[in-house]
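Taken in order, these protein sequences are the chains called A and B. Using full-length UniProt numbering, the first residue of the first sequence is number 1, and each one after it goes up by one. Using full-length UniProt numbering, the first residue of the second sequence is number 1, and each one after it goes up by one.
Calculated directly from the structure, the hints in this document are not laboratory data. Mixed in with the good hints there might be a few duds.
[Stated by the list, open to error] Distance condition first, Cα-Cα at most 16 Å in a straight line; then the derived EDC-like pairs of lysine to aspartate or glutamate:
hint, chain 1, residue 1, chain 2, residue 2
1, B, K229, A, D258
2, B, K354, A, D258
3, B, K229, B, E215
Now for the letters of each chain:
Protein chains: 2
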Amino acid sequence: MTDPETTSQDTIEQPTLEQLREALDNEDPAAIRELLANIHASEVADLLESLPNQDRQRVWWLIDPDSAGDVLAHAQESVRVSLLELMQPQEVVEATRSLDTDDAADILQDLPEALIESVLLAMDEQNRQRLASVMSYPEDTAGGLMDLDVIPIRADVTLDVVNRFLRRRSEIPDNTDSLVVVDRDNRFLGVLPLTAMFLNDSERTVGECMNTSAEPLPATLPAAEVAKKFEQRDFVSAPVVDEENHLLGRITIDDVVDVIQEEAEQTFRRMAGIEENDLFAPIWSSTRRRAVWLGINIITAFVAAAVIGRFEATIQQLVALAVLMPIVASMGGVAGNQTLTIMVRGLALGQIGKSNIQPLLRKELIISFLNGLLWALVVGVIAYLWFGNHLVSLVIGAAMVITLASGALAGALIPLLLKRIGVDPAIAGGVLLTTVTDVVGFLSFLGLAAIVLALV
Amino acid sequence: MTDPETTSQDTIEQPTLEQLREALDNEDPAAIRELLANIHASEVADLLESLPNQDRQRVWWLIDPDSAGDVLAHAQESVRVSLLELMQPQEVVEATRSLDTDDAADILQDLPEALIESVLLAMDEQNRQRLASVMSYPEDTAGGLMDLDVIPIRADVTLDVVNRFLRRRSEIPDNTDSLVVVDRDNRFLGVLPLTAMFLNDSERTVGECMNTSAEPLPATLPAAEVAKKFEQRDFVSAPVVDEENHLLGRITIDDVVDVIQEEAEQTFRRMAGIEENDLFAPIWSSTRRRAVWLGINIITAFVAAAVIGRFEATIQQLVALAVLMPIVASMGGVAGNQTLTIMVRGLALGQIGKSNIQPLLRKELIISFLNGLLWALVVGVIAYLWFGNHLVSLVIGAAMVITLASGALAGALIPLLLKRIGVDPAIAGGVLLTTVTDVVGFLSFLGLAAIVLALV
């Protein structure tokens, strides 16, 4: 949260990372193996993500094959892809064997199309069918997130029968907080919380004790919606059904946590034009993606330059204008970006709609007007002290108020317009905003100056 | 996730929001009451957050007192504070009665100091003690997150005894996936998963079946660390202990989900200088907070202006320089900001340390150099076509390469330096970066131009 935590967060990881670094430098595979054996698969994945590409490969060869699947499941997609490239189909089969179906499906989906086939063929029939079922839904839907480790029971049996049925199993899947009640045709009827098994008399039937108000998730529900349901209802697990209410599987909270984190980060990453895993991505792919962003920005920059170009004569007459003009554009950009950031996030969270857009717009305009006045005053005074020209002071002050208000208006309206035409506001919003604030900033400042100079 | 989801996310909420709007406009309290009764408390909280202040109050009066506590627990802090201001101490007591201890403590902590006392006094002894225990830990630690709804059992009893003990209870707290095993002095020994109750013979003892490898969380563990543990280990709940290993309570996944979401958003919000709930915060507090950010930026802007001021004579000689100079600074800013964003996030996630900082720095420099060359070429050609002056083209190209490389270097080093001196890199990083890219951008471009003009 605040700094102390961030710091302590590091102190947990850094020693392991340093030890690993040392073992790599000493070319000491035994030390690396021991280190890896003592930490959780998710931490191994974190470590691999933090390593440069060639070290990552060296460490990967030393991972216990039994935990390779778990490590892959916890790794970021780009890292996973780079590790999968090092593996034979049979190794992938071995690694995914012990995983939940949803995790196995995620890994398989990162393989080249041709390899997916050969991996599926190397599996036994049951696993292949289970995987095919999950993989038939897009990765970012309830169907793609579900695993198949659900325990279905019938409504007409007694709790005692369920108890004996459970005892015959050798294990109960992780995160099982309830059993799912289905009819003869595998249609969803309700859920029986495990705790109900303790609270009720064992002669009562499942049908009497089950919770019928729990609504199952449709397999086609987008992942973002799934996450919202889990957050709002504090689910630990939820059953997934097809269009005809047939039980398909279940989603557990651990998969949803990943979605929630991804959701929250996504907007902001897009606003900076960087990829999910840019920090450890190969140089070439980072360069390419970021170049696109710079290329878009250069259009903005030239539009702004063109505006300045219209006023070459004015600048020639009073060079102080060239000195001060970036201040106006910069302040407008910062103010507009504040509005843009909260609008983009508010839209992503579904907090903004027809009913509240008017008061929000009004609020943003008032804020920017108040801040515009305040900083116009400050900048005006400093400009006067610097250049001793009260006309320049008045002009820059007026330009600041205009530019900050335009920045707020653009920051609020651009995301709404982009959304309406189906473009993600996080991606193009910032560039469009800067275009507006630069153009208005330079135009209002140099334009007002030209008028004033002509009058004097 | 991608656009279609964001859109569908809205279609769920918007109808409710529109209906509410309509009912408010029609001054129809019955319709509002009915609407509120049909949605989950967390959705009521979402609705309240989306309303302007006076509408929020009107709706709040119509909420069923029985669900008021739940709504408060789900609301954002600033909204909660504004609602608490409308309540009498006795109403707060009523509202918090049915809540988990951690949720009740969160609400109480938002009350003015004097009111906390009177609310605590109005409670019965047991609740008061439970609340005081949770409130003795900071809100962002394991102790502050925990609730006290843990079911402790002894190691020497049989599963059958546990079974009968559970049956005597009228309910088992939500998210109970395991019972906590303690010794005579309430010291933590291990956990007994509920599923173990089904899989083992009922004559076996708790001690034989419990999981002793589960580590409890210390009450002082920062919330960010707690979230990390839950994410890595896929916990549903985890016991919390004091320094002497005494069992204090438990943390459940639903509280952790809030922490995870908060964590992920925090960095980026700070980078834009906006508050947690700026979208619906009162105008005055938004204005103040954002003014600070603009005030910091104005220093940056004047430093950049001062650099330009040194070259007034050069600009006078060739006004094209004033037209083109914002391009250099803007491109450097965008490139630097890409590096800054991923470094700040990488640091917050603990992914960056001594062992990998060198390859990361090298990578960022290479990327910025490649992009610098590419865009130097593009800008150089366009500048030549525009002004027909090959010297200006050469100068702007060279300045672009220098500025983009400095931007990457500054984007990578500034967060590291800020962190070392204990300042949150998310807060001050962007402003410092812009100062560097503006100064280097204007200095390299105008400086090179001055030298070239002097030589010609």
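Going down the list of hints, with the structure as the test:
no., hint, result
1, B:K229 - A:D258, "13 Å, holds"
2, B:K354 - A:D258, "27 Å, violated"
3, B:K229 - B:E215, "10 Å, holds"
Checked against the numbered hints above, the structure violates only hint 2.
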